[in-house]
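Undergrad: Sequence:
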Amino acid sequence: MTFVALLHAVNLGARRKVPMAELRALLTGLGLREVRTYIQSGNAVFSADPDPTLRGRLEAALETQFGFPVPVTLRTAHAWQEAAADCPAHLRSEAVVVAFLRDPPDPARVAALRARDVTPERWEVIGQHLYQTVPDGVRTMKLSAAVIERVLGVGVTVRNERTVRAIAALLDT
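Start counting the sequence shown at 3; every next residue gets the next number (the working numbering).
Source of the hints: derived by calculation from the structure; they are not laboratory data. Worth double-checking, as some hints may not be accurate.
[Unchecked claim] Label pairs and their calculated CB-CB ranges:
{"id": "1", "residue 1": "R152", "residue 2": "D51", "range": "33 to 43 Å"}
{"id": "2", "residue 1": "A117", "residue 2": "A171", "range": "31 to 41 Å"}
{"id": "3", "residue 1": "Q42", "residue 2": "T4", "range": "17 to 27 Å"}
{"id": "4", "residue 1": "A117", "residue 2": "R59", "range": "21 to 31 Å"}
{"id": "5", "residue 1": "T66", "residue 2": "A16", "range": "30 to 40 Å"}
{"id": "6", "residue 1": "N13", "residue 2": "R57", "range": "13 to 23 Å"}
{"id": "7", "residue 1": "A62", "residue 2": "A23", "range": "12 to 22 Å"}
{"id": "8", "residue 1": "G157", "residue 2": "L32", "range": "19 to 29 Å"}
{"id": "9", "residue 1": "G31", "residue 2": "V112", "range": "19 to 29 Å"}
{"id": "10", "residue 1": "P90", "residue 2": "R59", "range": "31 to 41 Å"}
Using N, Cα and C, we set each Cβ at its ideal position, and we do this for glycine too.
Kindly produce the complete structure, drawing on both the sequences and the hints.
TA: Okay, here's the thing in structure tokens:
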């Protein structure tokens, strides 16, 4: 089975560095196959047998290797392709980012998030993905990953639409 692993908050500054060559070596050393990475923001594609402990094993190995905790969000190739295709049409007129939720959000928490005014941003939750417009750019998002994580109570990592499409294409090769 093919998986996509998204590492949360790596390579953003002087700290929390995870070089992609070292990440590929680590994943290969864990017995994962066909390991590939995409850009420096912690995106890995690999093949592995289905294993409910995979995310925990990855997080433990990353912390041991790099010396700091690295939350990981996993998707199967099929779930990634669905996420890439599911962006609601009414959001596509602007730049979009996708917040990948580590766990399914509670509907009451989604309602609490919906009560926040984040105009001019617009967003929609579909399954474990929050699609969001970023009309003023990602640096000024009102609905930041930290806000999403706090209000929904689930881990979040965000990728722009270009990265989501590029990884979807990588899965097709």
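Undergrad: None of the hints should be skipped; say for each whether it holds.
TA: We went through each hint and held it up to the structure:
{"no.": "1", "hint": "R152 / D51: 33 to 43 Å", "result": "holds, 35 Å"}
{"no.": "2", "hint": "A117 / A171: 31 to 41 Å", "result": "holds, 37 Å"}
{"no.": "3", "hint": "Q42 / T4: 17 to 27 Å", "result": "holds, 21 Å"}
{"no.": "4", "hint": "A117 / R59: 21 to 31 Å", "result": "violated, 38 Å"}
{"no.": "5", "hint": "T66 / A16: 30 to 40 Å", "result": "violated, 21 Å"}
{"no.": "6", "hint": "N13 / R57: 13 to 23 Å", "result": "holds, 20 Å"}
{"no.": "7", "hint": "A62 / A23: 12 to 22 Å", "result": "holds, 21 Å"}
{"no.": "8", "hint": "G157 / L32: 19 to 29 Å", "result": "holds, 21 Å"}
{"no.": "9", "hint": "G31 / V112: 19 to 29 Å", "result": "violated, 39 Å"}
{"no.": "10", "hint": "P90 / R59: 31 to 41 Å", "result": "holds, 34 Å"}
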